[in-house]
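Next come the chains, spelled out residue by residue.
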Amino acid sequence: MSGPDAQARAEHVARAAYGKLVAMLSSRSGDIIAAEDALADAFVAALKTWPERGIPDKPEAWLLTVAKNRRTDQARRDARLVITDKANDMADAHAIEPEDAQLDERLKLLFVCAHPAIDEGIRTPMMLQTVLGLEAEQIAKAFLVSPKAMAQRLVRAKKKIKSAGIPFVIPEPEAYQDRMSAVLEAVYGAFAVDWLEGDGDLSHEAYFLANILAELAPDNPEALGLTALIGFIEARRGARIENGVLVPVPEQNVGLWDSQLIEHSVSILTQASLRRAPKSMPGRFQLEAAIQSVHAARSVTGQTDWRALSQLYLGLVRAYPSIGSAVSRAAVVAEDAGPAEGLKMLEVIDYDGLENYQPFHAVRAHCLGALGRIADAAEAYATAISLCTDRPSQRWLEKKVGDLRKKMS
Amino acid sequence: MRYTFLLYSDASMAAHMTEEDWAESKKVFGEYIGALQEAGVFIDTDWLHPAETATTITLAGGEKRVQDGPFAETKETLGGFFAINVENLDEALAWAEKCPAVHYGKVEIRASAMDSV
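Read top to bottom, the protein sequences are chains A and B. If you use our numbering, the first sequence closes out at 409, no skipped numbers anywhere. If you use our numbering, the second sequence closes out at 117, no skipped numbers anywhere.
By construction, these hints were calculated from the structure, which means they are not laboratory data. For each residue, glycine too, the CB sits at the ideal point set by N, CA and C. All the pointers check out, no bait thrown in.
Not everything, but these chain B residues come out facing chain A in the computed CB check (under 8 Å):
1. Met-1
2. Glu-87
3. Asn-88
4. Leu-89
5. Asp-90
6. Ala-111
Cross-link-like lysine-lysine pairs, in silico, DSBU-like; alpha carbons within 35 Å at most:
7. B:Lys-98 x B:Lys-26
8. A:Lys-162 x B:Lys-106
9. A:Lys-399 x A:Lys-344
10. B:Lys-75 x B:Lys-98
11. A:Lys-108 x B:Lys-106
12. A:Lys-58 x A:Lys-160
13. B:Lys-106 x B:Lys-64
14. A:Lys-108 x A:Lys-160
15. A:Lys-160 x B:Lys-75
16. A:Lys-159 x B:Lys-106
17. A:Lys-148 x B:Lys-106
18. A:Lys-159 x A:Lys-141
19. A:Lys-159 x A:Lys-58
20. A:Lys-48 x A:Lys-160
21. B:Lys-98 x A:Lys-162
22. A:Lys-159 x B:Lys-75
23. A:Lys-162 x A:Lys-148
24. B:Lys-98 x A:Lys-160
25. A:Lys-406 x A:Lys-344
26. A:Lys-162 x B:Lys-75
27. A:Lys-141 x A:Lys-160
28. A:Lys-162 x A:Lys-141
29. A:Lys-141 x A:Lys-108
30. B:Lys-98 x B:Lys-27
31. A:Lys-160 x A:Lys-148
32. A:Lys-48 x A:Lys-108
33. A:Lys-141 x A:Lys-48
34. A:Lys-108 x B:Lys-98
35. A:Lys-58 x A:Lys-141
36. A:Lys-159 x B:Lys-98
37. A:Lys-160 x B:Lys-106
38. B:Lys-75 x B:Lys-64
39. A:Lys-48 x A:Lys-148
40. A:Lys-162 x A:Lys-48
Let the sequences and hints guide you as you build the complete structure.
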């Protein structure tokens with residue numbers, strides 16, 4: 001493999017291994033910035049060397065060794081720094097640590113990012129960047145802040161981890177319960193970002209981490225809830241896009257769903273409900289998983305239980321209000337109680353940024369179309385398309401506009 | 001790693017303290033110092049006269065200025081400090097939580113920068 005292939009492979013390895021490598025490089029020194037710099041150098045070296053000499057057998061180990069050497073060189077040049085982990089570097093420079101050691105380092109890094117001494121608002125973004133390898137720009141977009149501001153806040157937080165001496169350890173159970181929600185949030189964020197447009201690496205990684213977290217904290221029903229939630233969605237991977245066009249869940253071919261993964265997720269969700277304190281409300285991820293389990297039940301019953309979905313969404317918007325759940329609830333109500341009710345519900349949603357929220361316009365367009373208000377519907381679809389950022393959804397919206405035109409003629 | 005705990009509190013509260021309160025305060029701080037020493041993490045501590053007795057000096061701006069009082073007038077002022085030697089922030093936090101000052105004021109934890117420059 002050489003030339004563009006080697007380049008593509010290097011980029012693939014880079015994305016897939018980023019979090020593992022940052023975690024392994026930073027855990028001893030506590031210096032995430034230095035680890036990221038060394039890794040960036042190693043990637044540059046890989047892009048130069050691999051196309052000429054071929055891709056090494058263990059590309060991750062190669063990157064790790066080069067990055068470690070770079071960091072040691074840098075530390076030697078930088079007389080202010082005292083190298084404390086030199087012996088360790090030499091001992092493991094030849095081979096990558098076993099899989100569970102890498103995993104440990106990554107979990108430690110997740111919990112470091114979620115430490116109470118770190119500003120709450122930057123915990124999830126930092127996990128997305130350092131452990132899950134998202135670009136600062138993608139994160140800035142998801143958190144609705146400018147890339148520059150996001151980059152500055154990330155650097156500030158990483159400097160604090162190093163200078164304040166936040167330890168790279170998996171905390172005791174009583175301490176990690178507090179940090180778990182930020183960790184789960186980041187894992188779900190990584191899954192969602194990759195789901196429609198990514199190559200699947202990140203979403204697989206997210207599912208893997210969710211499973212590990214559920215094992216680590218078997219008494220945390222939300223960790224189980226997240227695992228079930230991702231499992232239900234992951235089970236529909238083969239059905240979600242057809243010829244490049246998004247297929248909404250209720251219209252997907254259930255024959256393409258992974259029935260084993262659905263069954264597994266149902267049992268995880270059941271475990272979550274058993275772990276919950278008596279009479280306590282299910283957490284956000286459990287509710288969202290329950291919603292997905294209703295969709296999944298169509299593979300057995302042959303139909304979508306809109307009433308059940310409507311009730312679950314009511315619970316979700318009451319306990320965990322968000323723009324996303326409010327709009328999804330309206331979409332479900334439009335199916336359960338009719339488009340006029342759905343439209344009414346959309347009209348009372350009050351969130352900043354609603355005007356620029358694509359699903360709002362898409363659901364509104366659907367309701368208007370179903371009510372025969374074709375011109376209004378076409379206008380709402382046009383707005384939705386202009387706000388759409390992924391190709392499969394955009395093609396689906398375009399198809400809906402086409403259907404609308406057929407209706408008119 | 002060396003950490004310093006900066007103890008901030010509202011000094012006006014001290015005005016209402018009785019003899020017994022002072023004796024009790026001395027006792028709990030004494031016990032805390034004893035615990036730090038026993039754990040082998042104690043470096044230093046001090047208890048300071050109130051901020052209104054402070055004298056502040058600066059040569060910033062090129063000219064010597066000496067001022068009566070603290071550099072900033074705030075409700076909660078620095079009343080004392082502890083310097084300890086522990087492995088990391090989690091250990092520092094665990095010791096800070098045991099500091100008697102957390103019950104009436106705030107304890108700011110700062111890592112020493114001497115190791116990193």
